[in-house]
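> The sequence shown: position 7 = 7 (the UniProt record's numbering), numbered continuously.
Simulated from the structure, these hints should not be mistaken for laboratory data. All C-beta atoms, glycine included, are put in the ideal place defined by N, C-alpha and C. There's no promise every hint is true.
List time: in silico EDC-like cross-link candidates among lysine to aspartate or glutamate, alpha-carbon distance up to 20 Å [as the list claims (entries may be wrong)]:
id, residue 1, residue 2
1, K161, E143
2, K161, E25
3, K80, E62
4, K80, D112
5, K10, D60
6, K26, E167
7, K28, D60
8, K104, D185
9, K168, E158
10, K5, E62
11, K168, E25
12, K28, D149
13, K5, D149
14, K164, E135
15, K80, D60
16, K164, E25
17, K168, E194
18, K198, E186
19, K161, E182
20, K191, E143
21, K5, E51
22, K104, E85
23, K26, D185
24, K23, D60
25, K162, E143
26, K162, E135
27, K162, E194
28, K161, D149
Label pairs and their calculated CB-CB ranges [claimed, not checked]:
id, residue 1, residue 2, range
29, E167, K104, 29 to 35 Å
30, I81, Q3, 15 to 21 Å
31, T117, N6, 41 to 47 Å
32, V155, I63, 26 to 32 Å
33, L225, F61, 51 to 57 Å
34, L58, E194, 17 to 23 Å
35, L225, E158, 34 to 40 Å
36, L98, N36, 35 to 41 Å
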Amino acid sequence: MIQIKNLTKKYGQKTVLNSINIKFEKGKVYGIVGENGAGKTTLFRCIAGLEKYTGEILSDFEILKNRLGLLLTDPFFFSKITGREYIQLLANARQIQLNDIESKNLFNLPLDQYASTYSTGMKKKLALTAILLQENQVFVLDEPFNGVDIQSNLVITELIKKLKATEKTVLISSHIFSTLAETCDEIFLIKNGEILRKVNQKDFSDLEAEMKEFSIGDRINKLELK
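Kindly generate the complete structure, drawing on both the sequences and the hints.
Have a look at this one:
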């Protein structure tokens, strides 16, 4: 279980997150949706221990970040590290003994090639593979489907379902609503750094319609396309 109490994050005078209160339970998948700049990535970085904030983040773990796998939108790789070395590095950080990495190469990546030369989608798949092999209990996935081919998106969707079945806690942000609807138990709508509402699975279609109306409105009609 992870409980966030009155979490506030500011950059100078700008408030990015304003008194966030959420609870995440084991064995459930949660979606975080909102426009660009709404605060999704900052919230994830706070949970992962990468940002200072006011408020509290409580969990069942002594040190949450040591049991958490974070997939960033744009993963960083050192210029002279191969895919294989990257996976081994992250495993070493958790004192995990890996045998036969090749058999765990879920996305058939060129593991002996420098990771910095990978495409955007390949980098994301490498980073995801590495955190999966760390045996984490919590997974925070920031836009895991962006920049990834259709086949791999199907694999990632099934991976999320498997993580849920093995009692992991999974947090996802995505602009692809259909993937959230297929995997999430609850979705939180965030706007201007505040949680506007929580939606259960049975009401996902209503939320999607509401978001379309809010995002699109009559903007397209104003173009007067011919």
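> Are the hints correct? Go through all of them and say.
Structure-based check of each hint:
Distance restraint check for K161 and E143: the Cα-Cα separation of roughly 16 Å lies within the 20 Å cut-off, and the hinted pair is therefore satisfied. Taking the CA atoms of K161 and E25, the gap is near 15 Å; set against the 20 Å cutoff, the hint holds. This hinted pair does not check out: K80 and E62 have alpha carbons roughly 34 Å apart, beyond 20 Å. Restraint check for K80 and D112: satisfied, since their Cα atoms lie roughly 11 Å apart, inside the 20 Å limit.
Of the supplied pair hints, the one linking K10 and D60 is violated, its CA atoms being roughly 27 Å apart against a limit of 20 Å. Between K26 and E167, the direct Cα distance comes to roughly 6 Å. Compliance with the 20 Å bound is thereby established for this hinted pair. Among the hinted pairs, K28 with D60 is consistent with the structure: their alpha-carbon atoms are about 15 Å apart, no more than 20 Å. For the hint pairing K104 with D185, the CA-to-CA distance comes to about 28 Å; that exceeds 20 Å, so the pair is violated.
Distance restraint check for K168 and E158: the Cα-Cα separation of roughly 14 Å lies within the 20 Å cut-off, and the hinted pair is therefore satisfied. Restraint check for K5 and E62: the C-alpha separation of about 17 Å stays at or below 20 Å, so the hint holds. Restraint check: the Cα-Cα separation between K168 and E25 comes to about 9 Å, which is no more than 20 Å; the hinted pair holds. Using a Cα cut-off of 20 Å, the hinted pair K28 and D149 is violated, with the two alpha carbons roughly 25 Å apart.
A threshold of 20 Å between alpha carbons decides the hint, and for K5 with D149 the separation of about 37 Å lies outside it, so the pair is violated. Restraint check: the Cα-Cα separation between K164 and E135 comes to about 14 Å, which is no more than 20 Å; the hinted pair holds. Under the criterion of a C-alpha separation no larger than 20 Å, the hint pairing K80 with D60 is inconsistent with the structure, at around 37 Å. For the hint pairing K164 with E25, the CA-to-CA distance comes to about 11 Å; that is within 20 Å, so the pair holds.
With a CA separation close to 26 Å, the supplied pair K168 and E194 exceeds the 20 Å bound. About 7 Å separates the Cα atoms of K198 and E186, which keeps this hinted pair within 20 Å; it holds. For the hint pairing K161 with E182, the CA-to-CA distance comes to about 9 Å; that is within 20 Å, so the pair holds. For the hint pairing K191 with E143, the CA-to-CA distance comes to about 17 Å; that is within 20 Å, so the pair holds.
A distance of roughly 16 Å separates the Cα atoms of K5 and E51; the hinted pair therefore holds under the 20 Å criterion. For a cut-off of 20 Å, the pair hint linking K104 to E85 stands: about 14 Å separates their Cα positions. Of the pairs offered as hints, the one joining K26 and D185 holds, with about 12 Å between alpha carbons and a cut-off of 20 Å not exceeded. Restraint check for K23 and D60: satisfied, since their Cα atoms lie roughly 12 Å apart, inside the 20 Å limit.
For the proposed pair K162 and E143, the alpha carbon gap of about 18 Å is at most 20 Å, so the pair holds. Under the criterion of a C-alpha separation no larger than 20 Å, the hint pairing K162 with E135 is consistent with the structure, at around 13 Å. Using a Cα cut-off of 20 Å, the hinted pair K162 and E194 is violated, with the two alpha carbons roughly 30 Å apart. Note on K161 and D149: the hinted pairing holds, with a Cα-Cα distance of about 19 Å set against a maximum of 20 Å.
Hint check: E167 to K104, Cβ distance near 21 Å, so the stated range 29 to 35 Å is violated. Restraint check, I81 to Q3: a C-beta distance of roughly 36 Å breaks the suggested window 15 to 21 Å. The hint said 41 to 47 Å for the Cβ distance between T117 and N6, and at roughly 44 Å that hint holds. In this structure, V155 and I63 meet the distance hint of 26 to 32 Å, their C-beta atoms being roughly 30 Å apart.
Here the CB-CB span from L225 to F61 is close to 53 Å, well matched to the stated 51 to 57 Å. Our hint of 17 to 23 Å for L58 and E194 holds, since their Cβ atoms are close to 20 Å apart. In this structure the supplied range 34 to 40 Å holds for L225 paired with E158, their Cβ-Cβ distance being about 38 Å. Separation of L98 from N36 is about 36 Å and conforms to the stated range, judged on CB atoms against 35 to 41 Å.
Comparing the model with each earlier hint shows violations of hints 3, 5, 8, 12, 13, 15, 17, 27, 29 and 30; every other hint is respected.
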